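Order-wise, the sequence lines are chains A and B.
Note that the numbering used here numbers the first sequence so that position 331 is 331, with each residue one more than the last.
Heads up, the numbering used here is the position in the second sequence plus 1000, with the first residue counted as 1.
Source of the hints: derived by calculation from the structure; they are not laboratory data.
Keep in mind the model is a prediction, meaning the values are calculated, not measured.
There's no promise every hint is true.
Unchecked claim - Covered stretches of chain A, as calculated for chain B (at least 3 residues, CB under 8 Å):
#, segment
1, 70 to 78
2, 383 to 396
Claimed, not checked - Chain A residues, not near chain B, derived (Cβ > 10 Å throughout):
#, residue
3, G56
4, P138
5, V145
6, A146
7, D149
8, M166
9, E267
10, T268
11, G338
Cβ coordinates follow ideal geometry from the N, Cα and C atoms, glycine included.
What follows is each chain in one-letter form.
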Amino acid sequence: MADDVWILGITMTKFGKYPDRDIVDLAAEAARGAIADAGVGMSDIGVLAAGNYMGGDGLLGPGRLGQALQKQIGQTGVPVYNVMNACATGATALRTVLMAIKAGETDIGLAVGAEKLSGAGLLGSGGAGKADGAEFTPTGRVGQVAPLDGRIGTETMPGVFAQVGMEYTHRYGKGDFELFARISEKNHAHSTLNPLAAYTKRLTLDQIMNDVMVAYPNTRPMCSANCDGASAAVLVSGERLKRMDPDQRRRAVKISASVLTSDPWTETCQVLPDINTLTRNAAEQAYTLAGVAPEDLDLVELHDCFATAELVHYDNLMLCEPGGAVDLFESGATWRDGRLPVNVSGGLQSKGHPIAATGIANVWEVCHHLRGEAGDRQIEGARVGLAHVIGLGSACGVHILERAA
Amino acid sequence: MAEQVPLVDYLVLGDAPHLLAHECAQCGARYFDHRNACARCFGAEFRDVPVAGEGEVQSFTIVSFAAPGVAVPFAAAVVDCDGTWVKGNIINTPSDPDHVRLGMKVRLATYVVGTDSSGTEAVGFGFEPA
Chain A
1 MADDVWILGI TMTKFGKYPD RDIVDLAAEA ARGAIADAGV GMSDIGVLAA
51 GNYMGGDGLL GPGRLGQALQ KQIGQTGVPV YNVMNACATG ATALRTVLMA
101 IKAGETDIGL AVGAEKLSGA GLLGSGGAGK ADGAEFTPTG RVGQVAPLDG
151 RIGTETMPGV FAQVGMEYTH RYGKGDFELF ARISEKNHAH STLNPLAAYT
201 KRLTLDQIMN DVMVAYPNTR PMCSANCDGA SAAVLVSGER LKRMDPDQRR
251 RAVKISASVL TSDPWTETCQ VLPDINTLTR NAAEQAYTLA GVAPEDLDLV
301 ELHDCFATAE LVHYDNLMLC EPGGAVDLFE SGATWRDGRL PVNVSGGLQS
351 KGHPIAATGI ANVWEVCHHL RGEAGDRQIE GARVGLAHVI GLGSACGVHI
401 LERAA
Chain B
1001 MAEQVPLVDY LVLGDAPHLL AHECAQCGAR YFDHRNACAR CFGAEFRDVP
1051 VAGEGEVQSF TIVSFAAPGV AVPFAAAVVD CDGTWVKGNI INTPSDPDHV
1101 RLGMKVRLAT YVVGTDSSGT EAVGFGFEPA
């Protein structure tokens, strides 16, 4: 069994719109990029985990990416795991490869996440809500006679995550629309330094607050940007890494913790998805595994699928005292020049959120800084970072990464 | 008066409309949907219990963009009804942040959602300012 697992190579495509390229093209670019970055070859890869959520062009359907990718970059016959875990799909692919290496099945493996989401619109929407028509017949687990989206709450993501953030502000009596908009202002400002972000435009607080309201308090720029993209990572066992070249060893990033949790039962989770408890559980496990405390972190990439989500994850990841998320943000700590920079990539709101690519892209961003290769947006001297994603339903992935000594 | 059916089976119509929860006989966890077993304690026996019709808004959003056919804006909220959280819209008041507020007191109210081909009305519920 391998004791430790490292990231040997990692890459992401620029996030954006690729009308002329299919999902497999994007996955191939990321996979070949990660293999080249790792300094290995396709024949060294002993396992492949491929994440895709939506299916779409280039694929026969969701869950088909792995073998479709092999047809384009190398049919080596190794085991392929097609994984899908909502917005935690990429992190799940990464962790699948890590587990195969830990189990001793192979020394080197490849994780890929790819998605085409440009123009996808609202996610989670159940579709048209017509009540009139044929005779009412109760169906499903609540015996409904008509669609419920818009009649009993909302099923769309901006509204669900808006309520998650509003519940936090009510629980602690702090925070409002403007606060959430300022979180978004930070991430859009950060994205101006990221050439791979889908959007790199700095927006003023006024522009953000006066943009189209999607689901109060989330305006359009406060929602994750639907876009296309892919990311990939090559993982290696610590034992195998020891026999590699000095340059490979120097650039390798240690995965000090890799944790995946699901949402445990909580009193109110059937009414409002509880994205807090599983994130806190994952963070606690990760800090223990890594022997790292939140104050040791030099940067964090967390799942800001909406501005309202970023706030609660400050607390869930224990970047502040319980109830202290508003104060943490207002202290300026989470800006890139602050004590604990959060989402220096621009986050999902500005870098973009091609679902299955997001988990590995967040890890890539952290690795980029730990390797000292982040150029204009480099967080100087970064040694330890955390990458977090959450998929509603729910799944939470947390990875703690450390620079080679 | 037209025949009426509830929009969902956990809404009880009549003179005093109210919601029913399926309560786990073993641990008391409450669910509005039908469960195969309790997600908390794995027990498989449930009993129906009435849920308080008055409560306090714990969270809300005002949805301005929704799927085609869903009327907007609407205020989706989470209401604490004497310890049981309920999902529902805030109705009978404008859907804006001046009228829908965290911590506001609300009570259950019903309204006709639509009519089917035989003239039967579907009745839904929401919460109105108390």
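Verification of the supplied hints:
1. As drawn, the segment 70 to 78 of chain A meets chain B at 0 residues by the rule of a beta-carbon pair under 8 Å; below three, the given contact is violated.
2. Against chain B, the segment 383 to 396 of chain A contributes 0 residues with a C-beta closer than 8 Å to a partner C-beta. That does not satisfy the three-residue criterion, and the hint is violated.
3. With a least beta-carbon separation of about 20 Å from chain B, G56/A lies farther than 10 Å from that chain, consistent with its non-interface assignment.
4. With a minimum CB-CB distance of about 6 Å to chain B, P138/A fails to clear the 10 Å threshold, and the non-interface call is violated.
5. Separation of V145/A from chain B is inadequate, the least Cβ-Cβ distance of about 5 Å not exceeding the 10 Å criterion.
6. The claim that A146/A is not at the interface with chain B is violated, since a C-beta of that chain comes within 10 Å of its own (minimum 6 Å).
7. The non-interface label for D149/A is inconsistent with chain B: the shortest C-beta to C-beta separation is roughly 6 Å, within 10 Å.
8. For M166/A, the requirement that its beta carbon stay farther than 10 Å from each beta carbon of chain B is not met, with the minimum near 4 Å.
9. Here E267/A does not stay apart from chain B, with its beta-carbon only about 7 Å from theirs, under the 10 Å limit.
10. For T268/A, the non-interface assignment is contradicted: its Cβ lies about 4 Å from the closest Cβ of chain B, within the 10 Å cut-off.
11. For G338/A, the requirement that its beta carbon stay farther than 10 Å from each beta carbon of chain B is met, with the minimum near 28 Å.
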